[in-house]
Amino acid sequence: AQSVAQPEDQVNVAEGNPLTVKCTYSVSGNPYLFWYVQYPNRGLQFLLKYITGDNLVKGSYGFEAEFNKSQTSFHLKKPSALVSDSALYFCAVRDDTGGFKTIFGAGTRLFVKA
Amino acid sequence: ETGVTQSPTHLIKTRGQQVTLRCSSQSGHNTVSWYQQALGQGPQFIFQYYREEENGRGNFPPRFSGLQFPNYSSELNVNALELDDSALYLCASSSGLAENNEQFFGPGTRLTVL
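Which chain is which? The protein sequence lines are S and G, in order. For the first sequence, the positions run 7 to 120 when my numbering is used. For the second sequence, the positions run 43 to 156 when my numbering is used.
To be clear, the hints were calculated from the coordinates, so they are not data collected in a lab. Cβ atoms here follow ideal geometry from the backbone N, Cα and C, with glycine treated the same way. Any given hint might turn out to be false.
[To be verified] On the chain S side, residues computed to face chain G include the following (Cβ under 10 Å):
1) Asp15
2) Asn18
3) Asn47
[What the hints assert, rightly or not] Covered stretches of chain G, as calculated for chain S (at least 3 residues, CB under 8 Å):
4) 79 to 89
5) 145 to 153
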């Protein structure tokens, strides 16, 4: 069965410092991995996805994510955090076995302090 | 290009009542998925519609039902409302059924069941 784990409920980082939001997954087939961000009273916004190929994926707003097959991880990163990055981040997974369901993690709240 | 829209924004119902939530997909998208996001949790997949047919369903009871119309807009109907149905209901659209397609989310409908 598919599953996603975001081990940290909250991540705190100072503005200008690098940030990492962690995600691990479990799927039957090859994974398709996504990161979404949710601002208060808003729907989810797509940040980036991994399909195949280069393990480092670049996305919107300067975010990137590193796919690690051996560790079944897909951590979200940004070299220099902004206060405006403060939001709720969700990791999500599908696989290539013909499934239609997207499984989301519970979310990690990111606080960036000025 | 018009994004995903949902109506109403907020809704208050009492236990046992029925509710209909509406979603207009992004222009050019023929696939709509519905999610339930309870407070403090990640979105949970309810079902997906592709070209007016239900394409897949999550672990939700039959009192959760849906429709997709020829213009690819969609409705989510919930009968016999329970207190635990209180949540943010998110609609997401995408183009086609490919597992690696990202989804575009609407702002959600906040349902409160009293």
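Going down the list of hints, with the structure as the test:
1. Asp15: Where the cut-off is 10 Å and the nearest Cβ of chain G is about 9 Å from Asp15/S, the hint holds.
2. Asn18: violated, 18 Å
3. Asn47: holds, 7 Å
4. 79 to 89: holds (count 6)
5. 145 to 153: Satisfied; 6 residues make the cut.
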